[in-house]
Amino acid sequence: DTGVSQDPRHKITKRGQNVTFRCDPISEHNRLYWYRQTLGQGPEFLTYFQNEAQLEKSRLLSDRFSAERPKGSFSTLEIQRTEQGDSAMYLCASSRSAGTGGTEAFFGQGTRLTVV
Amino acid sequence: AQRVTQPEKLLSVFKGAPVELKCNYSYSGSPELFWYVQYSRQRLQLLLRHISRESIKGFTADLNKGETSFHLKKPFAQEEDSAMYYCALAGGGNKLTFGTGTQLKVEL
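For the protein sequence lines, the chains are A and B, in the order given. Counted from 1, the first sequence has number 13 at position 13 by my numbering; the numbering is strictly sequential. Counted from 1, the second sequence has number 98 at position 98 by my numbering; the numbering is strictly sequential.
Only chain A is shown next, with the shape it has when bound in the complex (with noise of 0.2 Å):
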């Protein structure tokens, strides 16, 4: 395990299509969270998933976006009707839960979105 994964890297669009993307968390961690990066901002979260269950979405979600963790291991985030706006960086991390040992959130190199 190489840690937090996340395909594809790059990802060129145009205005109105659909995208998505994976992420593979470290095995062992049951939580699973989405950040957005645009520049010159840190993350923003977005949505994070404990085991198979979304249990939180950030108001930055709109309706466009659906993020799933099926089986409670990968998360795809999918975006439709992509707008210029929404182009930025997708960060991916996952953690243990609170009382299962550390919580630090581990995250992968991200997704960079370009919607042209």
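Just so you know, these hints were derived from the structure itself, not from any lab. One or more hints might be untrue.
Said to hold, decoys possible - Taking CB as the label site, the calculated pair distances span:
id, chain 1, residue 1, chain 2, residue 2, range
1, A, Q41, B, K65, 25 to 35 Å
2, A, G40, B, Q42, 14 to 24 Å
3, A, E83, B, E8, 27 to 37 Å
4, A, P70, B, D62, 34 to 44 Å
5, B, S52, A, Q41, 25 to 35 Å
6, A, T114, B, K105, 26 to 36 Å
None of the values given here were measured: they were computed from a predicted structure. Yeah, the Cβ is synthetic: ideal placement off N, Cα and C, and Gly gets one too.
Model the placement of chain B on the given structure of chain A, informed by the hints.
Coordinates of chain B only, in the frame set by chain A:
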């Protein structure tokens, strides 16, 4: 609402000089604070967390609840410390609220 403020976008110091990266937070509960670092072309990684009270790569950070601060310090900067540093606050579900980051540049 929780908030993290890093007032400096860029901090430039000479090698061997002391470093202090500022971080202030706003949180109604008992905060859990972190410093994350991102070296060039690498992923975001944890540098240190306040509850462990460790010194990592010569960096320390003390939580000051009275001043709501968690400044990152190192007595003698090294060239390899050049990176982007983010202060972060853990809320419910351990989701993180990040500051806007400070780019540290260590000059020879």
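- Message: Taking the earlier hints as the rules, which of them does this structure contradict?
- Response: Per hint list: zero violations.
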